[in-house]
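Now for the letters of each chain:
There are 2 protein chains.
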Amino acid sequence: MTASSSALRAPADAHRRASTVRFPVDAGQVLDRCRTLVRPALREAVERTHPWVGEMAAYSFGWCEVGGAPAAASGGKGVRQALAVLGAEAAGAPGRAAVPGAVAVELVHAFSLLHDDIMDGDEARRRRPTVWKAYGTGPAVLAGDALFALAVETLAAAPQGPRAVRLLSVALQDLVRGQADDLLFTTRPWTGPERVRPDEYRTMAEHKTGALLGCAAALGALLGGAPPATVDALDRAGRHLGIAFQVVDDLLGIWGDPAVTGKPVHGDLRERKKTYPVLAALDTPLAGRLAALLESAADPGEAAALIEEAGGRSAALTEARRHVAAVEAALADVPLQKGPAEELRSLLDFLVRRDL
Amino acid sequence: MTASSSALRAPADAHRRASTVRFPVDAGQVLDRCRTLVRPALREAVERTHPWVGEMAAYSFGWCEVGGAPAAASGGKGVRQALAVLGAEAAGAPGRAAVPGAVAVELVHAFSLLHDDIMDGDEARRRRPTVWKAYGTGPAVLAGDALFALAVETLAAAPQGPRAVRLLSVALQDLVRGQADDLLFTTRPWTGPERVRPDEYRTMAEHKTGALLGCAAALGALLGGAPPATVDALDRAGRHLGIAFQVVDDLLGIWGDPAVTGKPVHGDLRERKKTYPVLAALDTPLAGRLAALLESAADPGEAAALIEEAGGRSAALTEARRHVAAVEAALADVPLQKGPAEELRSLLDFLVRRDL
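The listed protein sequences derive, respectively, from chains A and B. Remember, this note's numbering sits 23 above the position in the first sequence when you count from 1. Remember, this note's numbering sits 23 above the position in the second sequence when you count from 1.
It should be emphasised that the hints constitute simulated quantities derived from the structure, not laboratory data. Given the structure is predicted, the values throughout are model-derived calculations rather than measurements. Mixed in with the good hints, there may be bad ones.
Pairs count within a copy or across copies, as identical chains cannot be separated in the list.
Claimed, not checked - Derived DSSO-like pairs: lysine-lysine, alpha-carbon spacing no greater than 30 Å straight-line: (1) K156 x K297; (2) K296 x K156; (3) K296 x K361; (4) K286 x K361.
Bound-form chain A, shown alone (with noise of 0.2 Å):
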C-alpha cells in the first residue's frame, strides 16, 4: 500500500463529496442485500465438510447453538461478503458473479477470528462463549482448518479461480503476518528502542484487518471481470479502509461512549493494549510519565487524559481521516458503476467516518 498525496485530502472534502448524493444509502441494507445473496452458498460450503466440524463453523457463525439446534444469533455484519459482491457489481457485473469470492472471504474471516480467539485467550465474541470455550480448544483449531480448506476449495472451482486463489493467499500471508505481529507487540516494551511504532502499526492493522477487506472486494472485482488496475483500485481502497476501521477501533476503546460501543470505558488501557493512541503518545517527550502511568494501578481516565495531552488522540483521528481519504482517493482512480460505488461509500460510513 502506498499513501498517495490525495490520501491526504482534508476530510471536509470527503464530506461535501458524500453530501452531494442525493438518496442517501442505508449501509444496513446493502448489508442485509448481500447477507442474502451469499447466504445459501455459505451454507452449502460450509455442509460439505464433517458434520461436527461443520457444527462449529455454524455456530460461529450463529447459525446455531452448541448441540446443532437452530439459532439467530448475530454473525457480524458480513462486511467481506458485502465488500465482494459491490465489487463486482462496482464493475458492472451482477452481484451473484461475486459469489464465490464473497464465500471464500467470510469462511476464511470465521477461520482467522476461531484460531485468534484460541491465541488471544478470547472467551466471548457477539455475547457468547467462542468457539474454543464451547467446544474445546483441539475441536476450534480444527474447525478453523476447515473454513480455511473450504475458502481454498471455493475459489478454485470459480471461474477465474487461479487468479482468484492468488489473491487469496496474498492475504491470507498477511493476515498471517499481522497477528504474528500483533502477538509480539504484547511483549514488547512501552519505551525505548524495543518499544512499537505508530508506523509499524499501521502496517500491523493493514495485515491483520486490511488485507481481507481489500481481498474481498478486489476478488468481487475480479470475479465480475473488472480489469486488473480495478482490482488494484478497490485492493486498496479495502486495505485503507482496514487501517482506518482499526484505528477509529482504537479511538473508541479509549473515548468511545460504552452505550453505544458496549465496552467498558477505557476498557483497552486497562488491557494495557498497545493501540494507535497510546503509541503515538509514547512517541513524544511524555512517554516515561505515560508507561508510568499505563503500569500502575492508577485510574486509566488519567492515562487517557495523558494521551490526550501528548496528542495521540489527534494524532489517532488524523491517521484515520488519512486512510479514509486514501479510500475515496483510490474509489476515485477507477471507473466504477455509479450505484455500487455509492453503496461501497456507505459502507465506508457506516464502519468508519460516523465516528469522526
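Start from chain A and add chain B according to the hints.
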C-alpha cells in the same frame, strides 16, 4: 476410493512381481535424492512468511533449535515430496517439474502434524518437544496456519495452478474429515451399536493418511503433464498406501519389536487406541471379554493375546496386504516410466511391505 477386483490380488503375486526387479532400488537413496531436489524451494517458501512464524516452521522441519540456532534434527522421511517427484518422473517429466507440488504437500503435512499435536496433546515428536510444547499453543496454531497458507500460495503460483489447487483442496477436506473422525473415535464405546466399525476406521485412515499421499503423487504427475487417468491412478495408489501404512503401524504398535519401532511394547493398548486389529477383534463374539480387558488395568499382553485369538491380528494383516496389492494394481493400470515406477515400488516396500 473404490476397491476393484484387482485390489484383492494375493500378496504372493505382488512379491513375485517385486522379485523380477534385477537391481533393487534403495528407498533411502530415493528419499535422499528427492529431499535434496526439493529442499531449496521448501526453505525459500518458509522464508517468505513472518520470521518468528518461519522459525517455528523451520523448527518443525528439524532445521533449527528454539531460538533459531541451526540444527540437523530429523524432519521426517519426506515421503510426500518423494511421491510428488516420482509422480512427475513416472509421467516422463523431470523431477523438478513437481517441485511446487512437493513443497505444497510437505508444507501441508507439517501443518497437519503441528495442529494434530495440539489436538492430541502430544508433547514429543521425533525425540524433540512438539511446536506447541516448545513455543506455546497459540503460536503453534499460527505457525500451522502459516504453513497451510504457504502451501496454497506455492501451488497457486505454479503452472497447472488451478487444477493443482483443486487437487490439494480435496486432500485438505479429507484431512479435516479424517482428523475429526479420529478425534470422535476416542469418545465412542468399545462395544454396542455405537462402536467404531473396521470400515469406518478404513475411511478415517484413507482421509487422514492416504489423501495427502495420493495428492502428492497425483500432483507430481499433474505438474509433469500426465493425462488424467495417470493422475487418478497415482492418487488411488497413494490412498491405498496410506491405509496400508496405517494398518501396519497399528500392527507394530501392538506386536512390533520396541528395538525397531522405538515405541514401548503394547503401547497402543496401554493408550487404549482404537486401532484396526482391536476394532476387527471387537467385531467378533470375543468383543465383551476384550472390552473388559482393555478397560481394566490388566497386563496389555493379555489383551494382545485375546486380539490375536479373535483374529484381529490376521484380519489386520489381510487388510494391509489387500491395500498393498491395490497400490500395485493402480501402478500397473497406467503406463509409467519404468525406473521411477520401480522407485515408487521401493517406497511402498520401505513403508509397509517389509513388515508384512
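Here is what the structure says about each hint:
In the homo-oligomer, the alpha carbons of K156 and K297 lie at most 30 Å apart both inside one protomer (25 Å) and across protomers (27 Å), since each shortest distance falls under that limit. In this assembly of identical chains, the alpha carbons of K296 and K156 lie at most 30 Å apart whether taken from the same copy (22 Å) or from different copies (26 Å). With identical chains, the CA atoms of K296 and K361 are never at most 30 Å apart, being 40 Å at best within one copy and 62 Å at best between copies. For a Cα distance limit of 30 Å, the shortest separation of K286 from K361 qualifies neither inside one copy, at 37 Å, nor across copies, at 68 Å.
The structure does not agree with the numbered hints 3 and 4 stated previously, though it agrees with the rest.
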